[in-house]
Amino acid sequence: MLKIDNLHVRAGDKQILNGLNLQVNAGEVHAIMGPNGSGKSTLAQVLAGRDGYEVTQGTATYRGHDLLALPPEERAREGVFLAFQYPVEIPGVNNVYLLKAGLNAVRKHRGEPEVDAFEFLVLVREKMKLMQMDESFLNRGVNEGFSGGEKKRNEILQMAVLEPALALLDETDSGLDIDALRIVANGVNSLRRADRAIVMVTHYQRLLDYIEPDHVHVLSGGRILKSGDKSLALELEKRGYDWVKQEAAAA
Amino acid sequence: MNAIVANSASAALERYRALFEARYSASDALTAMRRSALERFISAGFPTQRNEDWKYTNLRRLESRNFTAGNAAPIAADEALWIPGAGTRIVFVNGHAMPGLASAVAHPPGVTILTLAAWIENDPAAVATFLAQHAGTAATAFEDLNTAFSQDGVVIDIADGVALDQPIYVVHQWAAGSSLQMSHPRIIVRVGRNSRCSIIEHYVGSPEAETFTNVATSLEIAAGAHLTHYRIQQESLRGFHVGNVRAHLGRDSHYANHNMALGASIGRVDIKASLSEPGAHVSLSGLFAPDGTQHLDTHTLVDHIAPHTTSEEEYRGVADGRGRGVFNGKVIVRKDAQKIDAQQSNRNLLLSATAEIDTKPELEIYANDVKCSHGATTGQLDSTALFYLRSRGLSEGDARALLIRAFAESILTSIGHEPVHKYLEQHLHERYAQIGAVT
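Note that the protein sequences, when read in sequence, are chains B and W.
Under my numbering, the first residue of the first sequence carries the number 120, and numbering increases by one thereafter.
Under my numbering, the first residue of the second sequence carries the number 40, and numbering increases by one thereafter.
This list has only true hints and no planted wrong ones.
In the DSBU-like style, the derived pairs of lysine-lysine whose C-alpha atoms are separated by at most 35 Å in a straight line are:
no.	chain 1	residue 1	chain 2	residue 2
1	W	Lys461	B	Lys248
2	B	Lys219	W	Lys461
3	W	Lys311	W	Lys369
Please keep in mind that the hints were generated in silico from the structure rather than gathered at the bench.
Whenever a hint applies, use it, and build me the whole structure from the sequences.
Written out as structure tokens, the structure is:
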């Protein structure tokens with residue numbers, strides 16, 4: 120589904136990604152872990168199309184498309200979804216309006232008819248139940264005055280409505296208490312499907328107790344230094360990141 | 040060079056004198072009043088940018104035009120231009136009242152609506168007395184010009200203890216092809232004690248016409264009365280619009296002004312509220328939205344004369360293209376006017392590199408027990424919010440339009456009258472759908 124090959128990315132004069140390789144297949148859940156400043160969030164942002172980054176080398180191919188050539192909205196319509204680390208507050212734009220506009224943009228792109236108001240409400244209510252959000256959220260401004268946990272739940276609600284093929288979760292666990300973490304993880308788990316891939320970027324192993332990854336990668340210095348299964352995450356939790364760096368340096 | 044400018048300026052002023060002489064020859068008190076206003080206007084001339092109050096607004100184009108007084112022109116009722124269901128409608132075309140276009144509803148009890156033309160005909164001495172109270176040293180150049188030339192307008196008297204459930208909706212419309220005509224309407228509203236009412240001023244232009252509207256609005260709000268005042272300016276994009284609003288607030292009275300500056304090539308509105316009795320409260324809110332080459336200037340003045348008076352003000356500006364917006368919000372707290380609460384905020388959005396907004400809060404505080412706050416910001420669309428919306432599948436144009444609308448429409452939240460709210464929302468929706476799509 121996603122193949123990243125030798126990706127080099129710069130922001131200003133700072134080289135952030137330095138030859139990153141990653142392959143993600145449908146049905147898989149990947150966790151990308153790494154110390155602060157390793158380039159985890161940059162990777163998620165670059166894949167979603169945030170400007171301000173310069174790709175100096177390498178490619179990212181998504182379902183046969185040159186992903187990096189597409190504007191962000193085209194990526195979204197093709198099924199790429201980024202759950203933001205810091206979801207943006209947009210006063211004056213209704214949450215429900217954004218959900219519906221996003222869903223209809225995706226449907227239109229797929230050649231499907233727009234959802235009518237009734238169908239949409241039924242769909243959203245069902246997804247909100249999953250995220251344990253009450254209906255008052257719908258008519259509030261996007262993320263406006265939401266707590267940290269509410270914002271993250273809102274991200275996963277959007278994901279549930281948009282049904283992406285490739286979901287990128289950027290530090291979705293940060294700022295969550297244990298109850299909110301459970302709700303968010305439960306939401307994500309319910310969205311695991313054979314035709315959907317999930318890439319989680321996280322600093323802590325904690326999230327992985329709730330969302331079990333098939334593959335774990337260690338990102339450091341803009342490169343993936345080591346890959347393994349979920350036992351790698353446990354090892355990182357115990358031993359930190361330095362041994363991976365040393366191992367890579369020695370190799 | 041200076042001599043040439045001075046000559047053309049005085050030539051322009053002489054044109055106004057010639058127009059005046061051609062129209063008024065009587066020797067009654069009203070004509071004398073008009074003449075002295077004209078002489079004040081001519082000796083002061085059009086305000087120039089050397090005048091601090093006009094620092095950002097250049098009137099040379101207005102000054103150079105050879106306007107003639109607006110002709111009464113019969114037009115068909117134009118429901119499409121008017122706000123549907125807005126209230127008891129009174130229509131002026133090219134500055135002249137058109138009774139045939141007014142809504143058929145009988146005037147509500149306790150309300151007297153008289154056209155200025157009728158008042159002048161019935162009782163010119165009373166009009167002269169009224170204008171004398173409102174002219175004099177405090178009048179601005181454009182108020183003097185209005186006094187000299189005002190032919191028509193409306194005088195609305197609300198008796199004591201009357202609550203109107205429908206606003207009074209005053210439309211000032213230019214008929215198609217009214218180029219180089221001018222109108223100096225006068226709107227007078229006197230709200231009796233403990234009465235409640237709303238008034239809507241709506242300026243609609245003939246799209247291509249180069250017209251000049253110079254309106255003066257006087258509002259007297261008696262003790263305990265509430266007046267809500269909507270001012271919606273949608274003049275021709277080649278036209279000129281100048282408005283002066285003066286509101287005098289009595290004890291425990293409330294005045295809310297919603298000012299929407301949307302049309303005109305050059306638009307300037309001055310809103311002055313005098314809180315002369317304790318308990319008076321004024322709230323000013325508005326939006327100025329210059330696009331293309333529009334220049335829209337808003338000056339407000341809240342004068343806390345009496346202690347225990349309060350004011351709140353929120354203005355937003357959105358400028359695109361080579362549009363230029365000006366906001367000047369002045370608050371005066373007079374000596375001994377203690378226990379004042381005055382708040383002001385102005386937030387502006389620039390949509391292009393060539394758009395400009397100049398904002399200036401001005402506080403003059405001569406009392407010590409006061410709570411005053413003000414804040415002004417000017418910025419561009421939030422790129423993170425834009426990316427967020429696009430990452431959910433919205434096109435860049437749609438995302439921009441959505442953010443611009445959200446910013447502009449926030450000023451509508453305080454508009455309680457549903458037809459006006461809806462009308463403005465629809466207008467902003469269409470206006471910014473286009474801007475969003477241009478990118």
